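**Q** Chain A is already provided as a structure; the job is to place chain B on it using the hints.
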Amino acid sequence: MKLFEVENLSYEIENFKLDNINFKVNQGEYFILLGQSGSGKTLLLESIAGFNNVTGKINFQGQDISEVVPEKRDIGFVYQDFALFPNLSVRDNITFSSKYKTIENPEQNLHDLADFLKLTSLLDRKIDKLSGGERQRVAIARALFSKPKILLLDEPLSAIDPTFRNSIMKFLKDIQRKYNLTIIHVTHNFREASYLADRIAIVMNGQIKQVGGVSEVLNNPKSIEVAKFLGFKNILPSSILLEDNDKMFSVDPNAIYISKNKLYKDYVFEGKLEESMGVLDHYKIFVKVGKEEFFAKILKRNYEGCYAHKGENIYIGFDKKDVSYI
Amino acid sequence: MKKNIFLYAMIALATIILLFLTVPLLNMIFGNDLKVLLDALKQKDVVGSIYLTMKVSFFGMLFVLITGLPLAYVIARYNFFGRSLIEALTDIPIMIPHTAAGIALLMIFGRGSISKGFEALGITFVDTEMGVMVAMMFLSSTFLINGAKEGFKKVDVKLEKVARTLGANPLQVFLRISIPNARKDIINGALMMWGRGLGEFGAVVMIAYHPMVAPVLIYDRFTSYGLSYSAPVATLMVILSIFVFLSVRFVNNRLK
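Read top to bottom, the protein sequences are chains A and B.
In case it helps, numbering that gives the first Met the number 0 puts the first sequence at residues 0 to 325.
In case it helps, numbering that gives the first Met the number 0 puts the second sequence at residues 0 to 255.
The following block holds chain A by itself, in its conformation from the complex:
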């Protein structure tokens, strides 16, 4: 069921523009906005929360809320650095919203959240006495205490020690299930996105370039810039596969075989070895075929038998199943 929809949203500041943004989020969905830093993700979240005078519509359960003030939107926000109130204790941070809006059973609500987020023993602490992980849990508890209809998370994992990231990702999934939350989460990290998201939108230069299911977006980029952003290599014209169209294709560097002798693969090319760089357990190999250059990653143990020197001719090959068209 569609809960939330952004329609033709635009907003301009100094030398940056959110440009005609469109996407939908369903009830109970984990939606990820994936983009590099500076792509406008946080600005977009703040626009959804109501901090910018945007043009276009933000529909929430069928009603346009683009003119509604932030305090009436029922949208929870967790910033990257958590933005806890330093002048208040953990308890007063979490229950902040109860002073300004009606929260049912505030005591029970606090008790449940503190219990689930393991904050019970910290309730009377000062904010500056908390660790990074504890701060994050307080920020999430504070947002959830206010019973938001949608929760916005701005890079929630980037301020967290990398060793805890996996457990926090699992935890984010857990709170989503437990509270049947609709979440919009902003990140630049593909791993986070592929693990957490039900659906993903790719944000680049203030525009949404592609929206869809996780595997659809991560495996089938619609444009070359999205493919490049997602880390696709070997983006080359289909014509070299002898196909009669002007599309581009990409092939995973790990799926390319190389040999000094002729290979038996769906596509085989002879080319000149341009460079071979040994990195830990594999070689990064660049092979020039006509005007195009292929990049392959070959495990050292697979490469030993066919080791070639710079400038030598070598065969490369790959199968149809490893080709994705853009």
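No wet-lab data here; the hints were simulated from the structure.
Check the hints yourself; a few may be wrong.
Unchecked claim - With beta-carbon atoms standing in for the labels, derived distance ranges:
(1) Gln171(B) - Asp123(A): 19 to 25 Å
(2) Ile15(B) - Asn188(A): 55 to 61 Å
(3) Lys153(B) - Ala158(A): 18 to 24 Å
(4) Phe79(B) - Val278(A): 51 to 57 Å
(5) Lys98(A) - Lys153(B): 21 to 27 Å
(6) Asp90(B) - Asn188(A): 42 to 48 Å
(7) Lys1(A) - Ile93(B): 58 to 64 Å
(8) Lys153(B) - Gln35(A): 25 to 31 Å
(9) Asn21(A) - Gln171(B): 32 to 38 Å
(10) Asn78(B) - Lys128(A): 34 to 40 Å
(11) Lys146(A) - Ala103(B): 52 to 58 Å
Stated by the list, open to error - List time: in silico DSS-like cross-link candidates among lysine-lysine, alpha-carbon distance up to 25 Å:
(12) Lys183(B) - Lys128(A)
(13) Lys319(A) - Lys261(A)
(14) Lys160(B) - Lys71(A)
(15) Lys160(B) - Lys148(A)
(16) Lys160(B) - Lys146(A)
(17) Lys153(B) - Lys125(A)
(18) Lys296(A) - Lys319(A)
(19) Lys157(B) - Lys125(A)
(20) Lys16(A) - Lys157(B)
(21) Lys296(A) - Lys309(A)
(22) Lys160(B) - Lys125(A)
(23) Lys152(B) - Lys125(A)
(24) Lys152(B) - Lys128(A)
(25) Lys160(B) - Lys128(A)
It should be emphasised that the depicted structure is a prediction, and the values quoted were computed from it without experimental measurement.
Virtual Cβ for every residue (Gly too), placed ideally from N, Cα, C.
**A** Leaving out everything else, chain B in the frame of chain A:
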């Protein structure tokens, strides 16, 4: 060794200015006979003028808290045309001669239509506590405004935004988040303003010689009766100022 010479030179120079700043005050405090000080405390006009000075400067500070905090907040938070001009305007009063400021105030509050307007409301400024207050405020509000401005700049705007998403309207955010998190700088600024007001003479004397605030009383006694008669009042004023100043600083540091 070279390093030490540098350090010793720095300490020597620093000591000169420190002595310059402290010796006159210490001499004043410890050079007076305690009995003379206690005698001065028994004189009604002395106690009255010290109390008046503290009270009026305090009310001036309250007035600027109410009007100056919004100004400081707007300057700290919003980028608008003319902001630098407004910042410069709030700085001007600490740069002009105090007697000139007194003349300027006298021309607005002592005569003319604005003064008439206040008069209709029963408020007059020449030789009244109100006059003392406007003179003190005019020359010292900058300290509070600038202190608060720096304080508000240090409050992360994200705190205010999050508070909005949690249901607080802008005024509630200002009162519960912005002010409390900038309170250290606000209190320091307020203290500076209040302390500066206690010492105001040049402008006060222009607009209100009476009722006599402590600096005017000191001057009046000095010109009429000489040093020995004015020194105890000056000493009391210095001791009291230092005491209040240090205690508020102490409380403020504990607040953190």
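**Q** Hint says 19 to 25 Å; check whether the CB-CB distance for Gln171(B) and Asp123(A) agrees.
**A** Holds, at about 24 Å.
**Q** Is it true that the CA of Lys153(B) sits at most 25 Å from the CA of Lys125(A)?
**A** holds (19 Å)
**Q** So if I understand the rule, the pair passes when the alpha-carbon distance is 25 Å or less; does Lys16(A) with Lys157(B) pass?
**A** holds (21 Å)
**Q** Under the criterion that the straight-line Cα-Cα distance not exceed 25 Å, is the pair Lys296(A), Lys309(A) satisfied?
**A** holds (16 Å)
**Q** A range of 58 to 64 Å was offered for this pair. Does it hold for the Cβ distance of Lys1(A) and Ile93(B)?
**A** holds (60 Å)
**Q** Falls inside 18 to 24 Å, the C-beta gap from Lys153(B) to Ala158(A)?
**A** Given about 20 Å between the Cβ atoms, the range holds.
**Q** CA of Lys160(B) to CA of Lys71(A), is that 25 Å or under?
**A** Satisfied, since the Cα-Cα distance of roughly 13 Å is no more than 25 Å.
**Q** Assuming the hint says 51 to 57 Å, is it satisfied by the Cβ distance from Phe79(B) to Val278(A) or not?
**A** holds (54 Å)
**Q** For the pair supplied as a hint, Lys157(B) and Lys125(A), is the alpha-carbon distance within the 25 Å limit?
**A** This hinted pair holds, its Cα atoms lying about 19 Å apart.
**Q** So if I understand the rule, the pair passes when the alpha-carbon distance is 25 Å or less; does Lys152(B) with Lys125(A) pass?
**A** Status holds; Cα separation ~22 Å.
**Q** CB of Lys98(A) to CB of Lys153(B), is that within 21 to 27 Å?
**A** Distance hint for Lys98(A), Lys153(B) holds at roughly 24 Å.
**Q** So does Ile15(B) sit 55 to 61 Å from Asn188(A), Cβ to Cβ?
**A** Holds - the Cβ-Cβ distance for Ile15(B) and Asn188(A), about 59 Å, lies within 55 to 61 Å.
This entry satisfies every hint, going by the numbered hints stated previously.
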